[in-house]
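Given these sequences and hints, build the entire structure.
2 protein chains.
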Amino acid sequence: MSGPVTFYFEFASPYSYFATFKIEETCEALGREVEWKPFLLGALFKVTGSQPLSTIPMKGEYCENDWQRLSRYMNVPWTMPEAFPISTVAAGRAFYWIHDQDPALAKQFAKEIFMTYFGRGQDVGSPDAVAEVAAPLGINHAELAAALADDKVKQRLKDETQSAIDAGVFGAPYFIVDGEGFWGSDRMWMIRRWIERGGW
Amino acid sequence: MSGPVTFYFEFASPYSYFATFKIEETCEALGREVEWKPFLLGALFKVTGSQPLSTIPMKGEYCENDWQRLSRYMNVPWTMPEAFPISTVAAGRAFYWIHDQDPALAKQFAKEIFMTYFGRGQDVGSPDAVAEVAAPLGINHAELAAALADDKVKQRLKDETQSAIDAGVFGAPYFIVDGEGFWGSDRMWMIRRWIERGGW
Numbered sequence: 001m002s003g004p005v006t007f008y009f010e011f012a013s014p015y016s017y018f019a020t021f022k023i024e025e026t027c028e029a030l031g032r033e034v035e036w037k038p039f040l041l042g043a044l045f046k047v048t049g050s051q052p053l054s055t056i057p058m059k060g061e062y063c064e065n066d067w068q069r070l071s072r073y074m075n076v077p078w079t080m081p082e083a084f085p086i087s088t089v090a091a092g093r094a095f096y097w098i099h100d101q102d103p104a105l106a107k108q109f110a111k112e113i114f115m116t117y118f119g120r121g122q123d124v125g126s127p128d129a130v131a132e133v134a135a136p137l138g139i140n141h142a143e144l145a146a147a148l149a150d151d152k153v154k155q156r157l158k159d160e161t162q163s164a165i166d167a168g169v170f171g172a173p174y175f176i177v178d179g180e181g182f183w184g185s186d187r188m189w190m191i192r193r194w195i196e197r198g199g200w
Numbered sequence: 001m002s003g004p005v006t007f008y009f010e011f012a013s014p015y016s017y018f019a020t021f022k023i024e025e026t027c028e029a030l031g032r033e034v035e036w037k038p039f040l041l042g043a044l045f046k047v048t049g050s051q052p053l054s055t056i057p058m059k060g061e062y063c064e065n066d067w068q069r070l071s072r073y074m075n076v077p078w079t080m081p082e083a084f085p086i087s088t089v090a091a092g093r094a095f096y097w098i099h100d101q102d103p104a105l106a107k108q109f110a111k112e113i114f115m116t117y118f119g120r121g122q123d124v125g126s127p128d129a130v131a132e133v134a135a136p137l138g139i140n141h142a143e144l145a146a147a148l149a150d151d152k153v154k155q156r157l158k159d160e161t162q163s164a165i166d167a168g169v170f171g172a173p174y175f176i177v178d179g180e181g182f183w184g185s186d187r188m189w190m191i192r193r194w195i196e197r198g199g200w
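Chains as they are written, first to last, in this note's numbering: chain A, 1 to 200; chain B, 1 to 200.
One or more of the hints may lead you astray.
If several chains are the same, the list does not tell them apart, and a pair holds so long as it fits within one copy or across any two.
To be verified - In silico DSS-like cross-links for lysine-lysine, where the CA-CA straight-line distance does not exceed 25 Å:
id, residue 1, residue 2
1, Lys22, Lys46
2, Lys154, Lys22
3, Lys59, Lys107
4, Lys158, Lys59
5, Lys59, Lys22
6, Lys107, Lys46
7, Lys22, Lys107
8, Lys111, Lys154
9, Lys158, Lys111
10, Lys154, Lys59
11, Lys46, Lys59
Keep in mind the hints are simulated off the structure, nothing from the lab.
Okay, here's the thing in structure tokens:
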């Protein structure tokens, strides 16, 4: 098989943010496309019983330090947002609505949401904040606002989240390559080896 | 600073097992000693509210597959033990008792415990099983059996586990390098870079 690598992520997940700087490059070198799939980690946590990282004793503080360290080592921007975590319902809905019109633009939009939230530390939770990020990409504010309130668009994000859970996704980022799952932004080496070796 | 790298691990943790094949080599190349410190993950879970991996929905199945995959990619033995997870109180007590007499022998003992449990899938939970692993290393069965029931030896493992928690250890494997913590067997690259760069 040589289908796309599916990249499941949550817009409020720092490790998803870090993965965005590596997954395209990793897959491009191997001749694979990357399909981006935002989903809602909160819905998943109801299934797995997990909690947001920042609320877990000890692990929360570790991760805050780890994100700063990763940004230095990867040479990418990092600002811990004051509002963290946030609901990313608006960003997720916007993504799939844009995606249905222009998949490449949706990726660009996703990168801008991540950069605004984790690169500059600005809240991207509200529909207005999402529309502001989208505007410079040529996405009409009024049309996007209408889409975010559209029942079909709302349902789409729910469906995509359920599909992720059905596919075995239990955290973010999560990658599926030819049916095989890989969890975490640390697993680029394994995805690379999996594709090069053609599996096991 | 150029002190030893502290390697905190749990004998019943598969990712700790995989880390044993990498941490010595990684640190030796950087001129650092490795200090091995088994602790009881169960005591830690009481603090963090975590659960054994195998009991977490979705993540449990993922990890069982991941361990097989890691063993193939790392070219090291792997047999999923029928008894998993197990109490490693006896192995932990034995480790520190051996360590106080011969630190190098304690490392060798730890590697044998891991290989017996995860390499060959044999239960190493009981004092007898631990003594059987220790015997070929020249460790007297009767003396070890007495040590395992000794209150000072029991307290030592409790103290070491508490010290690990006090040091910020929230999972296994966990490494502390010059006061900086690194979690997970995937972080060898980061430990290497940390030591090479002298920190941030």
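*When the hints from earlier in the document are held up against this structure, which numbers fail?*
1, 2, 3, 6 and 10
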